[in-house]
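Undergrad: Listed below are the residues making up each chain.
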Amino acid sequence: MIKRLFILMMLALMALIFVQLASNYTENTSLSKLGRYYVEEGPRELGAPNLVTAVVVTYRGLDTLGEVTVLFISAAGVGLLLRRTRRKDGSEDLEQGDRAEETSGTHKAASEIVETATELLLPMVMLFGIYVFLNGHLSPGGGFQGGAIIASGTMFLLLALPESHISRLLVALTESLSGFSYVVIGVLGVIMAGGFLDNRIMGLGTYGALFSAGAIPLIYTLVGLKVGFELSAVLDRFRKDDTGPV
Amino acid sequence: MSIIAELPLSLIVLCSGLGLVLIGLWGMLTQRNMIRMIIGFSLTDTGIHMVMVSIGYVTGGTAPIINAAVPMTEAINRVVDPVPSALVLTAIVIGLGVTAVMLSFAVRIYKARKTLMIDECTESRW
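Chain order of the listed sequences is L and B.
So for the first sequence, my numbering puts the first residue at 1; every next one is plus one.
So for the second sequence, my numbering puts the first residue at 247; every next one is plus one.
Rather than coming from a laboratory, the hints here were simulated on the basis of the structure.
Given the structure is predicted, the values throughout are model-derived calculations rather than measurements.
Treat the hints with care, since some could be wrong.
Unchecked claim - Some but not every residue of chain L turned toward chain B, in silico, with C-beta under 10 Å: (1) Leu11; (2) Met14; (3) Leu34; (4) Arg36; (5) Val52; (6) Thr53; (7) Val55; (8) Tyr59; (9) Ser111; (10) Tyr131; (11) Arg168; (12) Gly186; (13) Thr221.
Beta carbons: idealized from backbone N, C-alpha and C, even for Gly.
When you get a sec, could you build the whole thing from the sequences and use the hints?
TA: Put into structure tokens, the structure is as follows:
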């Protein structure tokens, strides 16, 4: 009871802070100094119409590298926590899993409607994901969003065809190669252009064209592949047969 | 009705975001089921994202994409601040990673103890 009161009191104080914040809030009528610089100079300097992409990939590129690293570590953490050991008969089991709770190994198949819809829609979902990360510098979207769409395609696949499995080797190879190339591009920026992850190591091209804005489409393609495969691997780890019936 | 219509758009987003933060905190502090606590965390996370986006809003602004719709000459008066949007993009991805790790911990604890109630995990109590 005391605990409840304490929690309520704390939340009330927090709400008081928030009310103060909200009551003193006035909407901005002009951009901040930094935002103004990015809007004025960004398109000219980097050749990217989408300024959020310009900030994420180039001006704050190091942050994005850190972000990709955090996502990688969390995917690795999920992999470690939900790891499976391969048994002699070839089936996989969660380590320390309770034998009595094991699933019999037969998956409940999805209905024919879901299976047919997946065959029809899956290529399009994947294509849309690729479209989103390739056009990250031109339109809303980018590597992380495109990667998430690709992972949603994987989710679709896992729902419709529970027997399908994702190749561990392919995931590991794609992830490490794209992460490595990302860092290499960053270092090339130091050697050939203004600094780490500078996108001007390649020509800026025609403003608004698909292959423009220097290395931004390349970086976002690598990020998209990495994020897509990482999230797919995470989804694969959370499958029901890995954790036993819940 | 007219009072709500006159409020600035970003203030509405800001207040909803702060409300979500409070709901999430309440959920994290009072719920004993781990999945519910994780849902509380997600709510707080989303609320913070909404607050950050609303801070970057400029009256009458649109997405900071400089093309035929928003020419470079008038961009400065017509777009929202790109910096908070970029920060929120980062925050969403980090939040996703943290949630995934928390959920896998919940799965492991469930495997070990056959319960999701935090009260059962007495050895880590202080």
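Undergrad: It remains to establish, for every hint, whether it holds in the given structure.
TA: Hint check results:
1. Leu11: 6 Å, holds
2. Met14: 6 Å, holds
3. Leu34: Since the shortest Cβ distance to chain B is 6 Å, the answer is holds.
4. Arg36: Given a least distance of 6 Å, the restraint on Arg36(L) holds.
5. Val52: Since chain B brings a Cβ to about 5 Å from Val52(L), closer than 10 Å, the hint holds.
6. Thr53: Result: holds, 8 Å to nearest chain B Cβ.
7. Val55: With Cβ-Cβ at 4 Å, under 10 Å, it holds.
8. Tyr59: 8 Å, holds
9. Ser111: 27 Å, violated
10. Tyr131: 16 Å, violated
11. Arg168: Violated. Min distance 17 Å.
12. Gly186: Given a least distance of 17 Å, the restraint on Gly186(L) is violated.
13. Thr221: Given a least distance of 17 Å, the restraint on Thr221(L) is violated.
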